[in-house]
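J.: Spelled out, the chains give:
There are 2 protein chains.
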Amino acid sequence: MNPALRLDLSRARSAAVGAAHGITPKDLRTLAPDLAKAHAGLLADRRAAKYGFFDLHNDHAMLREVQALAKECAAEGHENLVVLGIGGSALGLTTLVTALKPPYYNLLDAAQRGGRPRVFVMDNVDPVTFDGMMKLCPPEKSLFVIISKSGGTAETLAQALIVFEALEKAVGKARVKRHAVAITGPIDRGKTKNPIHVLRQTYGLRWLTVPANVGGRFSVFSPVGLFPAALLGIDIVELLAGCRAMDGCTSSPSLARNPAYARAAYHFLACRDKGKSIAVMMPYSDQLRDVSDWYRQLWAESLGKKNGLDGRQDLFAGQTPVKGLGATDQHSQLQLYLEGPNDKLITLLSVRRFATVLPIPKGPKGLGGVDYLEGRTMARLLQAECNATADALRAAQRPVVRVELPEVREHTLGQLLYMLEVETAMAGRLFGVDAFDQPAVEAIKVYTRQYMRRGK
Amino acid sequence: MNPALRLDLSRARSAAVGAAHGITPKDLRTLAPDLAKAHAGLLADRRAAKYGFFDLHNDHAMLREVQALAKECAAEGHENLVVLGIGGSALGLTTLVTALKPPYYNLLDAAQRGGRPRVFVMDNVDPVTFDGMMKLCPPEKSLFVIISKSGGTAETLAQALIVFEALEKAVGKARVKRHAVAITGPIDRGKTKNPIHVLRQTYGLRWLTVPANVGGRFSVFSPVGLFPAALLGIDIVELLAGCRAMDGCTSSPSLARNPAYARAAYHFLACRDKGKSIAVMMPYSDQLRDVSDWYRQLWAESLGKKNGLDGRQDLFAGQTPVKGLGATDQHSQLQLYLEGPNDKLITLLSVRRFATVLPIPKGPKGLGGVDYLEGRTMARLLQAECNATADALRAAQRPVVRVELPEVREHTLGQLLYMLEVETAMAGRLFGVDAFDQPAVEAIKVYTRQYMRRGK
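In the order they appear, the protein sequences are chains A and B. Sequential numbering of the first sequence, starting at 2, is according to my numbering. Sequential numbering of the second sequence, starting at 2, is according to my numbering.
Treat each hint with caution, since some may be false.
Identical copies go unnamed one by one, so any copy, or any two together, can satisfy a pair.
Pairs of lysine-lysine, DSS-like flavour, derived with a Cα cap of 25 Å [to be verified]:
no., residue 1, residue 2
1, Lys136, Lys102
2, Lys142, Lys363
3, Lys38, Lys307
4, Lys72, Lys142
5, Lys324, Lys307
6, Lys174, Lys72
7, Lys363, Lys174
8, Lys366, Lys194
9, Lys363, Lys102
10, Lys446, Lys366
11, Lys194, Lys363
12, Lys178, Lys366
13, Lys363, Lys446
14, Lys174, Lys366
15, Lys170, Lys136
16, Lys27, Lys366
17, Lys363, Lys178
18, Lys363, Lys136
19, Lys366, Lys170
20, Lys194, Lys102
21, Lys363, Lys170
22, Lys72, Lys102
Hint data in this document are derived by calculation from the structure and do not stem from the laboratory.
Given the sequences, and given the hints that come with them, work out the whole structure.
T.: So this is what it looks like as structure tokens:
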């Protein structure tokens with residue numbers, strides 16, 4: 002019913018690309034005790050509910066709450082859904098929208114959108130862009146969703162201050178609550194007040210909770226990703242069913258059965274022992290293009306750590322994630338991947354069945370050299386290019402991991418993203434770092450405030 | 002009148018980040034003879050018109066031809082401009098559009114667009130995306146620009162076959178020529194026919210030439226970038242004036258006066274001697290976000306080479322370019338940049354003056370912790386974050402190059418892109434590779450054809 006995604010590690014093995022670049026059976030045997038220990042640690046953490054992302058698909062109360070509020074807001078008929086959020090508060094939703102809504106979604110008319118709102122994910126503080134959005138989205142016709150777990154994110158607060166002023170002017174203070182929803186961490190009884198809770202109380206906003214044990218980059222299956230997705234008509238029940246299906250695989254300690262652990266092990270060994278300091282993710286599908294961007298945050302922010310779990314303070318761990326897109330980047334990055342330094346482990350992400358295949362017709366008479374295109378389909382061309390890239394990389398002894406989705410829809414995307422989350426959690430253990438904090442990012446905030454407070 | 006962009010290398014020097022990571026005065030002295038030799042070589046190549054990109058801003062006949070055809074097509078009142086092209090045929094235009102047209106340009110109505118068409122750059126062969134575009138752009142209301150220098154690009158030909166069939170159906174064969182323009186290499190008297198010339202002759206298309214000595218990734222200032230830009234109302238005369246202004250600097254052999262050579266030298270030394278195998282470009286401006294993508298092709302495809310100019314066949318040269326965006330990626334990549342492996346040279350690209358600054362109003366009473374935002378502007382926040390990132394990177398001994406544009410407009414963008422082109426040409430010489438070919442990419446085409454021709 003719900004065919005699973007397929008992982009092919011064969012092209013990352015020494016048998017395919019040599020022992021200098023590929024993983025050997027011995028590499029895996031040597032890692033086995035570490036993997037077993039890491040698995041036990043993750044399992045204990047999961048049982049202790051230390052990291053909530055593991056079990057969001059089992060939180061039925063959360064799902065019902067999200068569905069109820071999405072239904073209520075959908076009935077209000079907002080023309081625009083504007084999400085104010087940055088980093089983990091934006092990337093998950095963007096990934097879902099790109100994958101599961103039609104291309105050029107905002108250019109479709111209301112009927113083509115199934116009566117759903119247009120969507121604007123505001124993940125930066127560029128004044129030109131933000132001003133452009135405000136002109137396109139009159140406050141009285143829009144629903145603004147303000148997302149920040151801590152409530153203290155400078156970028157999101159700056160956006161929110163501008164939006165609430167505009168809302169008050171447009172609809173009056175009393176009606177602001179019909180045009181804004183807050184998604185933030187639980188109410189804190191501590192001293193420092195979460196500013197989003199202050200805004201929420203000021204305007205009487207409806208709100209949803211980001212569970213305390215779910216970090217930003219692991220929050221796509223929490224209300225952060227689910228609420229706006231549901232409002233856009235994405236089937237969040239199927240999305241969570243996809244997580245659940247993958248959970249059935251990623252609970253296994255066996256590399257052969259657990260694609261998340263297998264990917265984590267290969268990436269770790271490639272990085273530590275084979276000089277693969279870069280992890281490329283290159284989907285051959287426009288719909289999956291933002292999966293790489295979402296993964297980029299997950300991989301970089303989780304593993305890029307100076308301090309080790311063992312107390313070392315000069316570990317400087319991490320592997321740099323790089324976002325690609327096939328076939329486009331064959332005409333941009335592939336020359337380097339094939340002939341440059343052999344420092345990458347490349348994931349090719351492909352799709353077996355497209356919603357439309359687009360036949361390529363015969364060209365006019367006399368048009369030579371296109372027989373291999375005529376009568377085929379554009380879908381087949383894209384798949385052929387993916388296979389060609391895999392073969393060329395193998396011939397150049399560059400290790401490749403292939404992941405194939407049967408098709409792009411809620412269930413398969415749920416599988417894919419959940420797999421990548423578990424992979425990252427396991428990779429944290431293997432790299433010996435805390436995959437769930439981001440100490441350096443916190444430090445930047447102090448510098449930013451200093452620059453803002455300076456005269457002028 | 003036309004303030005120049007500003008380059009700041011101080012944070013990439015040993016004085017800022019130590020000699021293990023930064024460039025020392027001795028490093029530069031040692032490189033001086035190589036730089037002088039490379040300069041002489043580039044100069045000789047330029048005089049021999051070997052590489053045409055150097056002098057596109059001096060080709061007045063080309064400019065007049067582009068202007069005339071753009072004027073003619075503009076008068077026809079097409080609602081959509083659809084560019085069929087991939088790699089260098091797409092990236093330059095995308096960069097110009099993102100930088101110089103308003104945000105959400107395609108969502109504006111015709112009046113807000115100044116009567117200019119919407120623009121769709123089709124740089125992939127995803128059937129879902131292409132089908133979506135065809136539904137939004139009825140052939141009879143659209144102008145299709147087919148771009149491929151060789152004329153044999155599989156992706157572009159597949160797109161073109163679909164488009165010409167749809168055009169014939171919609172407007173009749175005789176009127177296809179009012180809806181399509183070809184941009185391709187000069188007419189070749191050889192045996193293998195450029196398929197785009199066959200299409201051009203079949204339908205009697207208007208067309209423009211990509212000069213034989215201008216490669217795809219160096220073609221933004223040829224008709225490839227200029228014609229569609231002009232049709233969209235971008236001031237291409239000013240763009241070329243920006244190139245000319247930068248040419249005044251990048252003709253100098255002196256590192257102190259030539260920002261392109263200085264950047265090339267720093268990148269080369271950082272890569273060869275300081276372990277900086279990754280070059281990040283992180284603009285703090287949404288308008289400049291695609292400059293990184295364009296530069297990514299330029300840097301990767303030009304330098305990623307197995308063979309050296311000296312005959313070596315195992316050089317495996319290159320530095321992996323990574324695209325970033327500030328402030329967004331502070332919440333995604335910066336943790337890794339600050340605490341992960343010290344293997345990056347990071348360019349922060351910033352803007353002094355935004356077209357709008359967007360004041361941040363005061364929040365409601367009781368909202369604490371936002372005093373540093375209230376009464377400031379969003380533009381200032383973005384700039385403060387850029388400064389904060391630069392300071393944090395310096396404190397972590399990560400080398401940074403800063404480039405500041407006084408503002409984003411045609412003249413400054415012309416300067417920036419031309420500088421990066423000359424930088425890449427110089428870097429090719431320093432890395433000891435041919436910066437103007439892409440042998441590995443050609444090989445992939447053979448594999449692709451094989452996969453397409455297989456049964457089924």
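J.: Now tell me if each hint is right for this structure.
T.: Hint by hint, here is what the structure shows:
no., hint, in the structure
1, Lys136 x Lys102, "both (24 Å within a copy, 15 Å between copies)"
2, Lys142 x Lys363, "between (47 Å within a copy, 23 Å between copies)"
3, Lys38 x Lys307, "within (22 Å within a copy, 41 Å between copies)"
4, Lys72 x Lys142, "within (17 Å within a copy, 38 Å between copies)"
5, Lys324 x Lys307, "both (23 Å within a copy, 23 Å between copies)"
6, Lys174 x Lys72, "within (24 Å within a copy, 50 Å between copies)"
7, Lys363 x Lys174, "between (62 Å within a copy, 15 Å between copies)"
8, Lys366 x Lys194, "between (73 Å within a copy, 13 Å between copies)"
9, Lys363 x Lys102, "neither (31 Å within a copy, 37 Å between copies)"
10, Lys446 x Lys366, "between (64 Å within a copy, 23 Å between copies)"
11, Lys194 x Lys363, "between (66 Å within a copy, 17 Å between copies)"
12, Lys178 x Lys366, "between (64 Å within a copy, 17 Å between copies)"
13, Lys363 x Lys446, "between (58 Å within a copy, 20 Å between copies)"
14, Lys174 x Lys366, "between (68 Å within a copy, 13 Å between copies)"
15, Lys170 x Lys136, "within (14 Å within a copy, 38 Å between copies)"
16, Lys27 x Lys366, "neither (58 Å within a copy, 64 Å between copies)"
17, Lys363 x Lys178, "between (57 Å within a copy, 19 Å between copies)"
18, Lys363 x Lys136, "between (45 Å within a copy, 21 Å between copies)"
19, Lys366 x Lys170, "between (64 Å within a copy, 17 Å between copies)"
20, Lys194 x Lys102, "neither (37 Å within a copy, 41 Å between copies)"
21, Lys363 x Lys170, "between (58 Å within a copy, 14 Å between copies)"
22, Lys72 x Lys102, "within (18 Å within a copy, 37 Å between copies)"
Taken one by one, the earlier hints fail for this structure at numbers 9, 16 and 20, listed in ascending order.
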